[in-house]
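Same order as they appear, the protein sequences are chains Z and D. The numbering used here puts the first residue of the first sequence at 1, with every later residue one more than the last. The numbering used here puts the first residue of the second sequence at 1001, with every later residue one more than the last.
Treat the hints with caution; some may be incorrect.
No farther apart than 25 Å at their CA atoms in a straight line, the calculated lysine to any residue pairs in the SDA-like style are these [unchecked claim]:
id	chain 1	residue 1	chain 2	residue 2
1	D	K1366	Z	G17
2	D	K1366	Z	S40
3	Z	K96	D	R1216
4	D	K1366	Z	Q45
5	Z	K96	Z	Q45
6	Z	K96	D	T1008
7	D	K1366	Z	D41
8	Z	K96	D	T1070
9	Z	K96	D	A1324
Chain Z is faced by these chain D residues, among others (derived, beta-carbon under 7 Å) [said to hold, decoys possible]:
id	residue
10	A1069
11	L1074
12	V1168
13	D1169
14	R1306
15	S1308
16	F1312
17	V1316
18	R1362
19	R1439
Incomplete in silico selection of chain D near chain Z, CB under 7 Å [to be verified]:
id	residue
20	T1070
21	R1242
22	E1243
23	R1296
24	L1307
25	V1442
Simulated from the structure, these hints should not be mistaken for laboratory data. None of these values were measured; they are calculated from a predicted model. Yeah, the Cβ is synthetic: ideal placement off N, Cα and C, and Gly gets one too.
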Amino acid sequence: MASHAEITASLLAFQEGYNKNERLKIMNRDWDRVVLVQASDIPSQHTLELQNGELSVREGAPPRADLTVIADSETLADLFYGDITPTEPYMNGTLKIIGSEDDIVRLDFISLMIWGE
Amino acid sequence: MGLKRVLTLRTVIATSAGLTLASSSFVAAVQVAGFLAGDTAWLAILTGGLLCLGAASCFSELNARLPSATGIRLYFSRAFNDRLALTVSLLYMAVVMGVVGAESYVLASVLSSALPAVPPLVWIVAMYLVVTGMNIRGIKIAGTFQDLITYGLMGSLVVLAFIALARVDFHLTAPLAPGGALAFINAVAVGVFLFVGFEWVTPLAEEVTHSRLVSRGMLLAVGLLSVVYALFTVAMTASCPREALVASSAPQMVFARTVLGPAGVFWMAVLSLAASITTFNAGLISVSRFIYASAREYVLPPVFSRLSMRFFTPWVAILTVFAAGVTISLVVLFTHRYLVLVNLAAAMESVVYALAGLAVIRLRQKEPQAECPYRVKGGVFIPALTSLVFAVLAVAVMFTDFYVSLYLLAGFVILWWYVHQVVPALKSKYQPRRPARRRRPVAEPADAGCKKT
């Protein structure tokens, strides 16, 4: 089981990877979204916010989210560090992403651009 | 904390019913009537609808237990095993492509009937180009527009049916004597096609104001459709000779011309276009997204997961579906064997519904502690009955049409081989690209200290 701090660190690594990628920032300039990242096995909630192509990370839940990413803490930490791809846990139901299908594809694309296959 | 969920019950019903209502539905409705004596088509359609309500309940429980856009791929994987789930999902998607092929053929016949100067081939290619363009640009039919199309369509069908019944001074003839049990079973089995796709609304569970609205919406959509189809089919068979309806690939046009003349033809052409565009678009989106997701997990070569950098849509998957769809439509256009595709879809849908019933029972046994906000009432009775009845209906369709059995069996064997031989090879070829060392530190880091909300 990963801790809340590990999930925070993984999200910061994800943010760092994102911010290094100028092309990704330009591509997401018109995709303003609020993403809630929630662990299913420990009390841990984070907010990812994309605004004008910039990604920010905060601890805690947002008032309103466009997308909610729910998984056990281990999966979340591995996922945002890029040690696993989202596809397998998503297909086997370990990872739940609540939101529109197009937004889910976009999130998958961002992860792919940051961490590769 | 809340989600910015926007869809209401009205739109969920409209979406579920709208995905199901298609131009080829009228062909299936005439097929149902063709099996039966007297005015008993309504009975077979209402029975089919009632059975689909059982299937809808099972899908509601599966969706409540495993809310995911991956649908049957995940339900069957958890309930049975991944290989069976993959084989059935691939086969189902192939059949959906067949439905799209049949739909394009029927709609082309409708439009050519209204505008004979334009050949069906032109209509088919034009439809595929429009819908493929919409898909690549990521344009979806909005909720309000979907409401307008579906409710307008159902209202128009009811009005047309009443006009037709009033004109012939209709009285029911032998409404409860279908002419034998076997004929009735076959009629109900083909009647299942009328409801194909109502469960495609389940991915919307993630976009509604309350997740139980999807369950309620599906049940209400099936109920509404049953009544509209039953009424319209009785009106068609009461107003026109059955031989003329059965012989036509667009029986609704024969009906509309008989009842209202050229005005009816125009009205029905518009209705058919509206009915097709939603089904057509949803079918192509479902298959292309399935191809994309399959490529992302290396079930298909990774080239199919390429995304458009401008629209963030899986353009290779969409173009593949375009090519496959046009090919199927051309084969149908030249062979005129669209009824095989209708029967194939009815059989495959029955197989999927039978498995959905079994999946509910199996998941209750395997994961008794799992969170499940919706459960089908009455223990295992409805899931078991759904499973049994749809298994019988699938067999009935296969016995009625030899080619359906042949295509389904061949498809299953080929995909079973693909899943067991090719998929492992693809996975072993592409999965080593993952990082050799873990990026995540082994030791637990100190609190990274990002901003707190």
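> Quick check: which numbered hints come out false for this structure?
Replying inline: Of the numbered hints, 1, 4, 9, 12, 13, 14, 15, 17, 18, 21, 22, 25 do not hold.
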